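Asks: Line order of the protein sequences matches chains S and E. Anchor point for the first sequence: position 72 equals 72 in this note's numbering, and the numbering is continuous, going up by one each time. Quick note: to get this note's numbering, add 259 to the position in the second sequence (first position is 1).
No lab work stands behind these hints: they were computed from the structure. There may be inaccurate statements among the hints.
What the hints assert, rightly or not - Residues on chain S that point at chain E, a partial pick, calculated with CB under 8 Å:
1) Thr57
2) Val62
3) Ala92
4) Gly95
5) Met96
6) Phe98
7) Ser100
8) Phe104
9) Pro105
10) His106
11) Ala116
12) Val120
13) Met123
Unchecked claim - Listed next, the stretches of chain E that the computed footprint assigns to chain S, with coverage defined by at least 3 CB atoms under 8 Å from CB atoms of chain S:
14) 377-387
15) 393-401
Unchecked claim - Beyond 12 Å from chain S on every Cβ pair, some chain E residues (computed):
16) Asp263
17) Leu274
18) Ile279
19) Leu286
20) Ala290
21) Arg303
22) Leu319
23) Phe331
24) Phe336
25) Pro337
26) His373
27) Arg374
28) Leu452
29) Ser458
30) Ala463
This one's a predicted model, so the numbers in the text were calculated from it and none came from an experiment. Glycine residues also receive a C-beta, built at the ideal position from the N, C-alpha and C atoms.
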Amino acid sequence: MTEQPMVRFDNVSKRYGSLTVLDGLNLDIARGEKVSIIGPSGSGKTTVLRMLMTLETINDGVIWVEGEPLTHMQRNGKLVPADLAHIRKIRAKIGMVFQSFNLFPHMTAMQNCIEAPITVLGMKRADAEARAAELLDMVGLSEKKDHYPSQLSGGQQQRVAIARACAMRPKIMLFDEVTSALDPELVGEVLEVIRKLGREHDLTMLMVTHQMGFAKEFSDRVCFFHAGKICEQGPPNELFGAPKNERTRQFLHAVLEAG
Amino acid sequence: MIWDWAFAFEILPVLASAAIVSIEATLIGFALAASLGLVLAVVRIAVPWTGWTISVLVELIRSTPLLIQIFFLYFVFPKFGVVLDAFTAGVLAIGIHYAAYCSEVYRAGFDNIHRGQWEASVALNLSAWTTFRDIIIPQAIPPIVPALGNYLVALFKETPLLSAIAVLELMQTAKIIGSETFRYTEPMTLVGLFFLAMSLVSAALIRSLEGLLNRRTMR
Chain S
1 MTEQPMVRFD
11 NVSKRYGSLT
21 VLDGLNLDIA
31 RGEKVSIIGP
41 SGSGKTTVLR
51 MLMTLETIND
61 GVIWVEGEPL
71 THMQRNGKLV
81 PADLAHIRKI
91 RAKIGMVFQS
101 FNLFPHMTAM
111 QNCIEAPITV
121 LGMKRADAEA
131 RAAELLDMVG
141 LSEKKDHYPS
151 QLSGGQQQRV
161 AIARACAMRP
171 KIMLFDEVTS
181 ALDPELVGEV
191 LEVIRKLGRE
201 HDLTMLMVTH
211 QMGFAKEFSD
221 RVCFFHAGKI
231 CEQGPPNELF
241 GAPKNERTRQ
251 FLHAVLEAG
Chain E
260 MIWDWAFAFE
270 ILPVLASAAI
280 VSIEATLIGF
290 ALAASLGLVL
300 AVVRIAVPWT
310 GWTISVLVEL
320 IRSTPLLIQI
330 FFLYFVFPKF
340 GVVLDAFTAG
350 VLAIGIHYAA
360 YCSEVYRAGF
370 DNIHRGQWEA
380 SVALNLSAWT
390 TFRDIIIPQA
400 IPPIVPALGN
410 YLVALFKETP
420 LLSAIAVLEL
430 MQTAKIIGSE
440 TFRYTEPMTL
450 VGLFFLAMSL
460 VSAALIRSLE
470 GLLNRRTMR
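With the rest of the complex left out, here is chain E:
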């Protein structure tokens, strides 16, 4: 038999603790992506002269592979005196990479806000900061939750790239188990199932969040 249940149960605890690293990387990476993306989108509107620079930056990040960016932060930055441990470098790269995508999502959200909302904010003499915080962002976010959620799941599925710089996340751990025991079937299958399960769970969570937000805003 190809599948050995006893072996699968034996490696499960090791994989489970590695899964926690994957989830940590996902959550920290996405928190960075969502907040940095929002900052980029807001600055682009609030400080018009930064528009060109931010566009170029976003395009640059989106048009190069994430793996190269991870290597850059981990192997090239130390040459300039910036030494990061593997986890930090990896999560930073993932966060920045997805911030570029998220900023475009936010931008689409802002573009959908009716011009009258900005004009009413001017007429009430609201500051730019208050306008974004109280008027624009609360209206722009609910419709883009599905798009942001897609990027959360996509980001999660890219965390195995961190194995390339030897972060002990799921993929790296599975590879180590495989090379030590010469059994790849169980570890790789379990890793695949884990990603499947987590992706389905997050998709369901995002859908219920979406429903909640819609109920709150569509009154």
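The shape of chain S in the complex, shown without the other chains:
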């Protein structure tokens, strides 16, 4: 092994009662790598992100972030379930953008972006505001900084949510179907921000998406999930151009037909 992966899923399983959502997932993601996850609904692809963000517990296996276990901690050479302090330490490296934006509705765009830097990172208000102003500028919303989420369009809300996640300086960014709740004409502005983020920041990105065109153009690797497993993965031109697996072919055919 040459370099430690940024994220490693080591034989991770997730079950709800008798339903197995993820079945022994093994997946390494390199530093700075952009990985897209595609697949039919119910294939477990969103669960991958939610487990990494610690929004879901896992039933088996270990998730590693930069060589440190996220869900566990080492004690006397053994891995035991992690306590909250450990989880929060590792979780600080990860940020997430949600399908439904999840901005705080009682706070302005600016307040949304400085809440966590002040209360979690202990930044001074002035520093946090300066940083948030830069980020809101990056997502093209400098003029909207004092607007409340209800005064912004879906695309603008999602761009604020991206700025808010960036304000915590994560090393890994998770995008969970971030354009699925948007009107078609607003999808482009959000994807443009993600492209810019990919170019200008040394971020490892993991995204669940239905935007096949964007996945093809943006990612270094695409993983096709089916029934809780990675069915096929590879560089986008291979996976989209010459899928080897029959299920991948069927899925891509159905999606491209519809799109």
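Given the coordinates of chain S, assemble chain E onto it according to the supplied hints.
Replies: For chain E alone, coordinates are given in the frame of chain S:
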């Protein structure tokens, strides 16, 4: 004539100073109810294993009469070495009783917060304390102000129960005036009117507070 205006004006100052005791009991009792209720509701979510204990406690308090709880604090607690004066015991009982109701109101308020708000708080690595203080509580409170306000008025109307342990609030004072002068019409009517007036005033205040909060949050 049944109604004697001169007598009514004569007892008014005495009743007015007793009214202050009633209002004090209401304000302190409700402050206790609102804050203890919030603590119960927050602890129930933040420390899951306390859920069962808190449910039982709340159910126990809500399912027994307030008057019995007042008597318990005033007459039974001294047997265990906890001696409280009548006002303290009474206000404490009222506060705890209504805290049980308030905690259910807060719980409903928390249940109405979209799951995504909790998840965004996790993703931003906020502590549980910050999540409640800055994200959940500010969103949960405005919609439940009317329900909390109803309990404020209800609590206020139950303060005459304190007369049972001889706290010199309105009711007790009116009863004393009645038994000394054998005239109950004026004192009881004045007490009733006072409660009516105060209840209407607090209802109006709560409505304007509600309007204010709605304007602030619905932008």
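Asks: Hint by hint, note whether the structure agrees.
Replies: Verification of the hints:
| no. | hint | result |
| --- | --- | --- |
| 1 | Thr57 | violated, 12 Å |
| 2 | Val62 | violated, 20 Å |
| 3 | Ala92 | holds, 5 Å |
| 4 | Gly95 | holds, 6 Å |
| 5 | Met96 | holds, 4 Å |
| 6 | Phe98 | holds, 6 Å |
| 7 | Ser100 | holds, 5 Å |
| 8 | Phe104 | holds, 6 Å |
| 9 | Pro105 | holds, 7 Å |
| 10 | His106 | holds, 5 Å |
| 11 | Ala116 | holds, 4 Å |
| 12 | Val120 | holds, 5 Å |
| 13 | Met123 | violated, 13 Å |
| 14 | 377-387 | holds (count 8) |
| 15 | 393-401 | holds (count 4) |
| 16 | Asp263 | holds, 56 Å |
| 17 | Leu274 | holds, 44 Å |
| 18 | Ile279 | holds, 37 Å |
| 19 | Leu286 | holds, 27 Å |
| 20 | Ala290 | holds, 24 Å |
| 21 | Arg303 | holds, 18 Å |
| 22 | Leu319 | holds, 31 Å |
| 23 | Phe331 | holds, 39 Å |
| 24 | Phe336 | holds, 38 Å |
| 25 | Pro337 | holds, 43 Å |
| 26 | His373 | violated, 8 Å |
| 27 | Arg374 | violated, 9 Å |
| 28 | Leu452 | holds, 41 Å |
| 29 | Ser458 | holds, 31 Å |
| 30 | Ala463 | holds, 26 Å |
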